[in-house]
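So the protein sequences, as listed, match chains G and U. Under this note's numbering, think of the first position of the first sequence as 17, with each following residue one higher. Under this note's numbering, think of the first position of the second sequence as 150, with each following residue one higher.
What the hints contain is simulated information worked out from the structure, not anything from laboratory work. Even for Gly, the Cβ is constructed at its ideal location relative to N, Cα and C. Treat the hints with caution; some may be incorrect.
To be verified - Covered stretches of chain U, going by a simulated chain G footprint (3 or more residues, C-beta under 8 Å):
1. 225–236
2. 265–277
3. 283–296
4. 334–341
5. 436–450
Stated by the list, open to error - Ranges of calculated distance between the beta carbons of each label pair, as one might list FRET restraints:
6. G:Thr98 / U:Asn318: 53 to 61 Å
7. U:Arg215 / G:Gly59: 51 to 59 Å
8. G:Leu66 / U:Leu310: 18 to 26 Å
9. G:Lys230 / U:Trp179: 19 to 27 Å
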Amino acid sequence: MSEITRTRIMDSAGSVGKADLSEGMSFLESVPRRLVTLYLPLGIICFVLLFPFYWMALTAIKPDEQLLDLNRYNPLWTWNPTFRHFEKLLFETQYPRWLWNTMIVAMAATTLSITSSVFAAYAIVRLRYKGAQWVGGLIFMAYLVPPSILFIPLSTVVFQYGLFDSPLALILTYPTILIPFSTWLLMGYFKTIPFELEECALIDGASRWQILTKIILPLAIPGLISAFIFCFTLCWNEFIYALTFLSSTQHKTVPVAIVNEFVDGDIYRWGSLMAGALAGSLPLVILYAFFVEHYVSAMTGAVKE
Amino acid sequence: MADHAMTIERKGAERRPFSAWQRLSVNRNWLGFWFMLPAMTFLILFLAYPLGLGVWLSFTDARVGRAGVFIGLENYEWLMGDSNFWLVVFNTLFYTSIASIVKFAVGLYLALLLNERLPFKAMIRALVLIPFIVPTVLSAIAFWWIYDSQFSIVSWALRNLGLIEGNVNFLGDTWNARWSVIFANVWRGIPFIAITLLAGLQTVSPSLYEAATIDGANSWQRFRFITYPLLTPIIAVVMTFSVLFTFTDFQLIWVLTRGGPVNATHLMATLSYQRAILGGNLGEGAAISTAMIPFLFAAIMISWFGLQRRAWQQGENNE
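Turn these sequences into a full structure, and let the hints steer you where they fit.
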C-alpha cells in the first residue's frame, strides 16, 4: 500500500519537477566534463551493442574472397557489395519457406495467447471470482517456469498427442510462454480503466461480453498492441521447443533452420549464414521501429506490476 | 406514495422469476470459470502437467520412444557420481553469477547515462534495445563469426593495434570459451536491464537530487542514498528475471559452442538436451532439468527477498 502511494507521489512530483526544471542542475556540468563522463562511455557502450549488427550486415553483402582475406582488403568496409548471398538464400535453400513457417507459428500462437489472456485478465481483474487473487499469483509463477526445464517432458507429451514434427506442436506450446506474460500485462492495463464505466454499462443492461468487447477492449488497444508485439517477438525468438519438436527440414522455423541447415564445414558459408541471420531479424526490427513506445511499455509494464 | 410503491412491487411479483440460466449468467464464479477456461487449458495441459511429468520422468528410466519404469533415485545417484555433471553445475553457477553481475553493473550504468539530458535520447534508447529484439540465435550466429578462430575481426583489430601476435582462439580454449559466451550473454542482456531500470529512474523526482546537492552530497552519495533505495523494488524484479533466464540459458551456448571445448561451456540446460534428446536418455535428462529447480528457487528467493525486504525496511524507516 505505502509503496503504491509513494510511487504515486513520485509520479506527480516527477511530472511537476520536469515542467519547471527544464534546465535542472545542468549548470553544474561543463561541456568537457559531460564529454568524458557521459558521451564517451555512452558511445562505447552503443558501439559494442551495435557492432555485431554492422558486422552481420557487412558480412552479408561482402564477396566471398574479401571475407576470408583480412590483409589484402580492409575488413571494415567493402566497395563492391554483392547480393549473391541473398540470392543463394532465396533460390537455393528453403529459406522463404522457413520464414513463412516462423511467421505462421508466431501469428497463430500470438493470436491464441492474446485471446485467452484477454479473457483471463478480465476475469481476474474485473469479475473477481472466488480465488482470483490466487490464480493471478499462480499465473505469475507460471511466468517464472523457463522452457529449458519443460522441453523434455513436453516432447513426450507432444509425441503422445501425435503432434510431433507439426507446426501445431509449436502453436500449442508457445502460449505457455506467452499467456502468463500477456495476462499479467493486460491485467495492469485493465486495472487503469475506470470501474465506473462498467457499472454504467451494467445498469444499462449490458452483458459481460458486451462490456468486454464494447468498452474494455477499445480502451485497452495500446495494451493489446504492446502485448501482441512482445509475444510475436518472443515466438520469433523461441528456439528450444522448435529444435526439439520439429525434425523435417520443410517444417523448421528460421532460428532452428539456420543453426541446423546452414552450419556445415564449408568456410564459404559465412556470407549466406549472415544473410540468413539478417533476413531473419529484419521483420522484427521493422515491426519494432514502428512500435518502439509500445514495445518499451510492454517490457517495463510487465516488470513494474 | 405508498400506493405507487405497492404497484411497483406487484409488477415485480408478476414478472416471471429469473430462470436458473439467467441467474447463472450473472454469477461471478460461473462466468469467471468460462473466462479462465482457454488460458487455464493451455497452462494445465502444456505447463503444469509437463512440469509434474518431468519430475516423474526423472525417477524412471524412460528412453525416447519407450515409457520407463520407476527406478527411484537411480538417475540422481548416477548424476552424483558423474564428474561431468558437477563440472556442468560449476559452469552454470559461474556463468550465471558473472554474467548477472556484469549485466547488472553495465545495465545500471547505461540506464544512468540515458537518464541524463541528451540530444536524440529517444533514438539512442531505441537503438540500445535492438540486441534484445533480434532473436538470440541470430545474434549468436553473428558472435560465432566474430569469435571465428581464423577470421575474427576482434583478433584482426588487436593484431593491427599490435597488442597480440597470433589470433585469439576464442571458442577453442577452455577459459576463453567461457569468457566469450559470458560476453555474448551480457551483450544480449544489457538492453533489457538498462531500459527497465531507466523506466524506474524516470519516476525519481529531480528535486530529490537538487535537495541532496544543496546539502553537499557528491554524485556517489546521490546514487547510493537516493537512486539506489528508490530503485530497489524494480532491481529485485529485473534481476530475478535476469538470473532466471541466464541460469536456464540454452540458445547461446548451443549456437556458439554446443558445450565444448571439453564440456567447458556446457550448462545444465544444454547437458539435459544432449543426454535426453540426442542421447535418448529421457530419464537422465529429466533428472538434470529437475535438479535445476532448487537452484532456480534459491535464485528467486535470494534476489526477491534479499532486495525486497531491504526496500521494505527502508520504506518503514522513512515513513
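Original post:
Taking a Cβ-Cβ distance under 8 Å as contact, does the stretch 334–341 of chain U have three or more residues in contact with chain G?
Top reply: holds (count 4)
Subject >> Check of the stretch 225–236 of chain U against chain G for coverage (Cβ-Cβ below 8 Å, three residues minimum) >> reply: With 0 residues close enough to chain G, the hint is violated.
**OP:** For Lys230 of chain G and Trp179 of chain U, compare the CB-CB distance with the range 19 to 27 Å and indicate the outcome.
**Re:** holds, 22 Å
**OP:** Can you take a look at whether the stretch 283–296 of chain U is actually covered by chain G? Rule is 3+ residues, C-beta closer than 8 Å.
**Re:** holds (count 11)
Original post:
Does the Cβ-Cβ separation between Thr98 of chain G and Asn318 of chain U fall within 53 to 61 Å?
Top reply: violated, 30 Å
Original post:
Taking 18 to 26 Å as the hint, is the beta-carbon distance of Leu66 of chain G and Leu310 of chain U inside that range?
Top reply: The hint (18 to 26 Å, Cβ to Cβ) holds, given that Leu66 of chain G and Leu310 of chain U are roughly 21 Å apart.
Original post:
For the stretch 436–450 of chain U, does the count of residues with a C-beta closer than 8 Å to a C-beta of chain G reach 3?
Top reply: holds (count 6)
**OP:** Mind checking the hinted window 51 to 59 Å against the Cβ distance between Arg215 of chain U and Gly59 of chain G?
**Re:** holds, 58 Å
Subject >> Given coverage of the stretch 265–277 of chain U by chain G, checked by CB-CB distance under 8 Å (3 or more) >> reply: holds (count 9)
Checked against the numbered hints above, the structure breaks hints 1 and 6 and satisfies the rest.
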